[in-house]
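Q: Residues per chain, in single letters:
2 protein chains.
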Amino acid sequence: MRLSRYFLPTLKETPAEAQIVSHRLMLRAGLVRQHAAGIYTWLPLGFAVLKRIEQIVREEQNRAGAQELLMPTIQSADLWRESGRYDDYGKEMLRITDRHERDLLYGPTAEEVITDVFRSNVRSYKDLPKILYHIQWKFRDEVRPRFGIMRGREFLMKDAYSFDLDTAAARRSYNQMFVSYLRTFDRLGLKAIPLRADTGPIGGDLSHEFIVLADTGESEVHCHRSLLEMSVPEGVDYEGDLQPVVDAWTGLYAAADEMHDAAQEATLGDALVTARGIEVGHIFHFGTKYSAPMGAAVAGPDGEPVTVVMGSYGIGVSRLVGAIIEASHDDNGIIWPESVAPFHVGLVNLKVSDAATSAACESLYEGLGRERVLYDDRDERAGAKFADMDLIGLPWQLIVGPKGVAKGMVELKNRATGEREDISTESALARLAG
Amino acid sequence: MRLSRYFLPTLKETPAEAQIVSHRLMLRAGLVRQHAAGIYTWLPLGFAVLKRIEQIVREEQNRAGAQELLMPTIQSADLWRESGRYDDYGKEMLRITDRHERDLLYGPTAEEVITDVFRSNVRSYKDLPKILYHIQWKFRDEVRPRFGIMRGREFLMKDAYSFDLDTAAARRSYNQMFVSYLRTFDRLGLKAIPLRADTGPIGGDLSHEFIVLADTGESEVHCHRSLLEMSVPEGVDYEGDLQPVVDAWTGLYAAADEMHDAAQEATLGDALVTARGIEVGHIFHFGTKYSAPMGAAVAGPDGEPVTVVMGSYGIGVSRLVGAIIEASHDDNGIIWPESVAPFHVGLVNLKVSDAATSAACESLYEGLGRERVLYDDRDERAGAKFADMDLIGLPWQLIVGPKGVAKGMVELKNRATGEREDISTESALARLAG
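Chains as they are written, first to last, in our numbering: chain A, 5 to 438; chain B, 5 to 438.
Please note that a few of the clues may not be correct.
[To be verified] Here are the simulated DMTMM-like cross-link-like pairs (lysine to aspartate or glutamate), alpha carbons at most 25 Å apart as the crow flies:
{"#": "1", "chain 1": "B", "residue 1": "Lys134", "chain 2": "B", "residue 2": "Asp209"}
{"#": "2", "chain 1": "B", "residue 1": "Lys55", "chain 2": "A", "residue 2": "Glu58"}
{"#": "3", "chain 1": "A", "residue 1": "Lys355", "chain 2": "B", "residue 2": "Asp131"}
{"#": "4", "chain 1": "A", "residue 1": "Lys134", "chain 2": "A", "residue 2": "Asp245"}
{"#": "5", "chain 1": "B", "residue 1": "Lys389", "chain 2": "A", "residue 2": "Asp131"}
[Said to hold, decoys possible] A partial selection of chain B residues facing chain A, derived with a Cβ cut-off under 10 Å:
{"#": "6", "residue": "Leu73"}
{"#": "7", "residue": "Ser80"}
{"#": "8", "residue": "Asp102"}
{"#": "9", "residue": "Ser124"}
Keep in mind the hints are simulated off the structure, nothing from the lab. All figures in this text were calculated on a predicted structure; none of them were measured in a lab. All C-beta atoms, glycine included, are put in the ideal place defined by N, C-alpha and C.
Could you put together the complete structure from these sequences and hints?
A: This is how it looks when you write it as structure tokens:
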């Protein structure tokens, strides 16, 4: 993409309303613009990152055996009356009345809708287990939206729902999602820690939050140092027994600030670490909480109806854009992990009026693939170009000027490390090719 | 995907509420389920088709130079008051009040939002032209939603908006979208005819509807026979002059039923054709209708502010799923064009209890690529399997039974033509490989 044509309104000044670094950088780097309180438009650069994150989440859900569908944003209030949540949910639910005076709402989550889809279409235990998910916009009418897209009102979430015949089978589904979450956050370039979360009246140990570590994160995590160095499994066989993986990740001490246990921590000594983080996922087994009142049952092996047990598994897809920035930035701007970068390379033409320099840039632009390169072909000062490139945080910068071109050389800069080296244009093509 | 695990609830009976063939087939083939009046859940098979259509629309928008972003579903009423449309829009607009008593709405279209994004972020004529688009869910509170997703309330639309300095430049943007629409519908396996549409008080000739031909379509088209045989340009240079292409497609007589001209038709003689069709796109130049009241201007070459001229360009993405089915089906079910088929091949195991047959199927399933194959590994009667495969309409069926396997042979069936041939498993792999 040529920057001269790209819709990328970067800002030199830091917007006064932005209190946290990800919000500041998302505005400055032209990723989003606020439309109304807690409601954003994703500009092309931000949209590209959002899509890359969404795709990684999708691939890891599919790999774990979950199946994608799409439930609507607007839901019928009647289903929420069946589950008993319509009155309980409070003011965070955006309630709507249509032209025929029917009560609708903008879905803040989808347990009721998926339970309805399940009970209407699945009849037999032979069709279990099932994990169904969608990646859809949600709305929660936060009383005070803040921190940009980190605590917005309209947000993109991946929510999966599992259906099983009994608790032992539900634990297998839970473990599949647990491991797929480890894989997902790892691929996004994040270090994520699962924390045991409150299960409320359901009880049991099947509820975990996933916290991404970031120095500027919103909350504090207390955990065993080894958790920070634990490796995420690759080439997972999701049909196999995942309990050992889950046990390894949940066997070490880890707690959110409000749940931490000073006595237990005292026994850890030097192994205790406190770190800051951001919640990006939550997995939760809730048994028959929705299936019982809503009548979601299948015929069991003996023909008798069995109320299915369920779990839900959320990932904040739009929130992850902010979380990644909180985890990966410096004073000059964003540092995108390669897996989510909107472009792989930023190509900087230092002198667009020089025919040889522009010819070299065009050749690199074509050679590296137009879709993978953001080519700064603007007639701007070099300093402004460098500042914009650092701000938007593409993994690699390729800097092309008249002096280097005369010798067949360009400068390659790694955004994360700041390392620069002079290399030939041929090497640049070879090093950065897709 | 193994059908034994796939969430594909097909129906043997035709649902009574479905009045048109696409609605009947979408319910029977397990593509969608109604959630509330005019609001649908897209089940995995339907969702896969929707995504394929969306991706083709996206690719052709990008190719034409449009840039993708994403505006929110929930919009501020204040912007619609600025444009003057808040009161005009009537009951089709889903109006919402949030917890702080602010007026919101579920966007039925996005002229106001994009004009606001533009005026806040674009300053100079040098940044023009710009075509910005998104693919986002819309809501129109139809008084009587019907025909399944063809006239639903929550629907997926691609809407693009062009910004230009003057009408001559706007015509270039218009032509880019015009040609990209021809390309889009062609890639979707559809025959589409552009019809001149009413421009209302704006005047001029820059408004066209695109009608997809289908014998079961909702409306009647009168046109010159040559339009049905005109070839869609390939390898388009969108920077070049597209006027000759647009002229070729708009120079021949074509009119919707309510606009047709009997006198002009009389002169056509045998060249006149009447056909049925479905509207799937609309492109429209509207000048300064929104930019003037909303103050969307840029500094012109002389430094003086110039109010930009705009156009909008819509494609009904979810509606296209229905339109494709209306255009391509038979008594047994859907016939997906290859470009949008949810799977390329349906692999039918005629005897899952036979080890050799199942081994051959597994080998074909792996060899053809699990993501491109729907493998019917259920323990069902052959007749039921054939009926389901015809119903869901994958382009190719590969039928594997014990007798053939003993000779190393399988049966290949083309869904569209019904042609069957016996071929070796090796040939099947070679013929159907990705």
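Q: Look at each hint and say if it fits the structure.
A: The hints, checked one at a time:
no. : hint                : in the structure
1   : B:Lys134 / B:Asp209 : holds (21 Å)
2   : B:Lys55 / A:Glu58   : holds (13 Å)
3   : A:Lys355 / B:Asp131 : holds (20 Å)
4   : A:Lys134 / A:Asp245 : holds (17 Å)
5   : B:Lys389 / A:Asp131 : holds (17 Å)
6   : Leu73               : holds (5 Å)
7   : Ser80               : holds (4 Å)
8   : Asp102              : holds (5 Å)
9   : Ser124              : holds (7 Å)
The structure agrees with every numbered hint stated previously.
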